[in-house]
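> What follows is the residue order along each chain.
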Amino acid sequence: MSARADLDSLPGFLAHARALEEEACARYLELADAMAVHHNDEVAALFRELASLSRQHAQEILAMASQHTLPAIEPWAFAWGGDEGPETGSPQDLHYLMTPAQALELALGNEQRGQAFYARVGRESASPQVRELAQEFAEEEAGHVAALERWLARAAETPAGWADDPDPPQMPD
Amino acid sequence: MAELNAQQAQPVARDYKSEVKPVWCPGCGHFGVLNAITKTLAALALPREQVALISGIGCSSRVPAYTDVYGFHGVHGRAVAMGVGLKAARPDLTVLVAGGDGDGFSIGANHFLHACRRNIDITYLVMDNEVYGMTKGQASPTTAPDWMHGSMTPSGTRMRAFQPAAIALAAGATFIARGFSGQPNDVVRLLVAAIRHRGFSFLQVLSPCPTYCPEQRDWKLAVRAFDEEPTDDAAEAARRIQRDDGMSTGMLYVADRPVWAPEHDGAGDLATIESECLI
Numbered sequence: 020m021s022a023r024a025d026l027d028s029l030p031g032f033l034a035h036a037r038a039l040e041e042e043a044c045a046r047y048l049e050l051a052d053a054m055a056v057h058h059n060d061e062v063a064a065l066f067r068e069l070a071s072l073s074r075q076h077a078q079e080i081l082a083m084a085s086q087h088t089l090p091a092i093e094p095w096a097f098a099w100g101g102d103e104g105p106e107t108g109s110p111q112d113l114h115y116l117m118t119p120a121q122a123l124e125l126a127l128g129n130e131q132r133g134q135a136f137y138a139r140v141g142r143e144s145a146s147p148q149v150r151e152l153a154q155e156f157a158e159e160e161a162g163h164v165a166a167l168e169r170w171l172a173r174a175a176e177t178p179a180g181w182a183d184d185p186d187p188p189q190m191p192d
Numbered sequence: 199m200a201e202l203n204a205q206q207a208q209p210v211a212r213d214y215k216s217e218v219k220p221v222w223c224p225g226c227g228h229f230g231v232l233n234a235i236t237k238t239l240a241a242l243a244l245p246r247e248q249v250a251l252i253s254g255i256g257c258s259s260r261v262p263a264y265t266d267v268y269g270f271h272g273v274h275g276r277a278v279a280m281g282v283g284l285k286a287a288r289p290d291l292t293v294l295v296a297g298g299d300g301d302g303f304s305i306g307a308n309h310f311l312h313a314c315r316r317n318i319d320i321t322y323l324v325m326d327n328e329v330y331g332m333t334k335g336q337a338s339p340t341t342a343p344d345w346m347h348g349s350m351t352p353s354g355t356r357m358r359a360f361q362p363a364a365i366a367l368a369a370g371a372t373f374i375a376r377g378f379s380g381q382p383n384d385v386v387r388l389l390v391a392a393i394r395h396r397g398f399s400f401l402q403v404l405s406p407c408p409t410y411c412p413e414q415r416d417w418k419l420a421v422r423a424f425d426e427e428p429t430d431d432a433a434e435a436a437r438r439i440q441r442d443d444g445m446s447t448g449m450l451y452v453a454d455r456p457v458w459a460p461e462h463d464g465a466g467d468l469a470t471i472e473s474e475c476l477i
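From first to last, the protein sequence lines are chains H and U. Residues in the first sequence are numbered from 20 upward in steps of one, following my numbering. Residues in the second sequence are numbered from 199 upward in steps of one, following my numbering.
Watch out, some of these pointers could steer you wrong.
Pair by pair, the computed Cβ-Cβ distance ranges are [unchecked claim]:
1) H:S146 / U:E426: 34 to 40 Å
2) U:H274 / H:V56: 53 to 59 Å
3) U:M357 / H:P90: 32 to 38 Å
4) H:E93 / U:R437: 27 to 33 Å
5) H:A161 / U:V273: 39 to 45 Å
6) U:G354 / H:S71: 37 to 43 Å
7) H:A135 / U:S304: 53 to 59 Å
8) H:P147 / U:R315: 56 to 62 Å
9) H:E93 / U:A287: 40 to 46 Å
10) H:A82 / U:E426: 42 to 48 Å
11) H:A166 / U:V210: 26 to 32 Å
12) H:A161 / U:T333: 45 to 51 Å
13) H:A135 / U:E217: 33 to 39 Å
One-sided excerpt, in silico: chain H residues whose CB lies under 8 Å from chain U [as the list claims (entries may be wrong)]:
14) E49
15) E93
16) P94
17) A98
18) H114
19) W170
Treat the hints as calculated values from the structure; they're not laboratory data. No residue lacks a Cβ here, since even glycine has one placed at the ideal position from N, Cα and C.
Throw the hints in and build the complete structure from the sequences for me.
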C-alpha cells in the first residue's frame, strides 16, 4: 500500500493521526530531557506538559481506531509532505537558554502545521469519510492553536540578550 | 515489508532506547541520528540481544549508552576495528559501528580504509559535523579549508577536506550513502538499506553542531536528494561523487561483491590451531 493511498483509507488516515501525536509526544519528551540536562528546568517542565497533551491526543485517536487494524507504515513512507510529522518540529530550533515564550512559539508552529496537515487531507482525500474526519481534526487543531496563542500571550516576553551566557560552553584555549 | 506486519507485536523505537538521557547540546543533529537508529532497529524488528552498537570517542560516540542493545564505547578511532573483530567472531550479530568525523577519518581512517577493502558485513554510520566537538571546536578532516573559527587553525586548515564517500568508494565499500540528521526518517530508510546490504555499508550523516559550527544550521536549506538511482558502477559513482558538493543525500553506490568472512567458525582442536597459527 503506498503512502499516498494510506490517506484515502480510514485505517491509513488514523495511522497517520496516531503517528503524528505519538511522534510529537516523543519529541517533546526529548526536548524536555535536553533542557533538563542543561538546567533549563522551566522550559523542561513546559515541554513535559506539551508531551502530556500530545499523549492524551494519541490515546483519543487510539480509542477511535480500536475498531480498525491500522497499517504498519515505514517511517519514511508517511505522507506528511516533509520528512517528519507536522507536529514534530525541528530539534535544531532548540537553544539551551531558550525561554518559555520561545518554547511556546515552537509548540504553536507545531500545532499550526498539524492543523494545515489535517486541512489538506480534509480537502484532498479520495474518501469522504476520511475528509470528514480530517476536517474535524483540523477544527480540533484550531482549538489547540488558539489555546497556545492564549498561553503565549500570558507568557513573559523573551528579553533582549536572552542568549547571553556569562559562562558559555565554548572555553577559550 | 514482512517485518512490519501489523498483526504481530511490532517493536517500537522506544524499545531500543535506554533510560540514559543524552547530554548533547540542545539542537545537536545527533538527536535525529539517535532517533533514526532506534526507528531502524524497530523497523527491522531486530532482537535487542542480536544487535551490537560499537563506538569510539566523541559526542556521536555516546550513542551506545543511549540505546538498549549491546554496546561498546571504545577508544578513539578504533570502533571500526572492534566492529570488524566482533563480526568475525560473531557473524550472527548485526554489527553497527557509529562515530564522528574526527574519530573515523583521522585517527580511525586506516581502519576505515581496510574495513571498506575487506567488505565485511557491518554498517558504519558516521555523524559528520566537520568539527571535533567534544574537545570544543577543532578542525577535523572534513572541515572546510576556509573555516577559521578553530583556535588551532585561525587561518583555516589550508588543506582540502577529506571526502568520505570518495574514499569509501576507492577503498572498496559496496554500499555508500549520505543522509542528513534533520531528515531522520530518510536516515531510517538509508540505514535499513545499509543494514540489509550484504557487505560493508557506509552511511555518512551530516549532523550539525550548533555550538561550535552555528553556521551549520543552514544545512537544512542546502541539502537535497540525489536525483539519480544508486549505481553499481564504481566509475559512474566516482563521477557523481566528484560532481556533488557533498550536500546531496540518498544512496550513491550499491554493489554486490563477495563478503569477507573468516574461513573457520572460531572453534578447533589444538592441532588445527597450531598448524594454522604457526605456533
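> Give a verdict on every hint.
Hint check:
no.	hint	result
1	H:S146 / U:E426: 34 to 40 Å	holds, 35 Å
2	U:H274 / H:V56: 53 to 59 Å	violated, 24 Å
3	U:M357 / H:P90: 32 to 38 Å	violated, 50 Å
4	H:E93 / U:R437: 27 to 33 Å	holds, 31 Å
5	H:A161 / U:V273: 39 to 45 Å	violated, 54 Å
6	U:G354 / H:S71: 37 to 43 Å	violated, 48 Å
7	H:A135 / U:S304: 53 to 59 Å	violated, 45 Å
8	H:P147 / U:R315: 56 to 62 Å	holds, 59 Å
9	H:E93 / U:A287: 40 to 46 Å	violated, 32 Å
10	H:A82 / U:E426: 42 to 48 Å	holds, 45 Å
11	H:A166 / U:V210: 26 to 32 Å	holds, 28 Å
12	H:A161 / U:T333: 45 to 51 Å	holds, 48 Å
13	H:A135 / U:E217: 33 to 39 Å	holds, 35 Å
14	E49	holds, 6 Å
15	E93	holds, 6 Å
16	P94	holds, 4 Å
17	A98	violated, 12 Å
18	H114	holds, 6 Å
19	W170	violated, 21 Å
When each numbered hint is compared with the structure, violations occur for hints 2, 3, 5, 6, 7, 9, 17 and 19.
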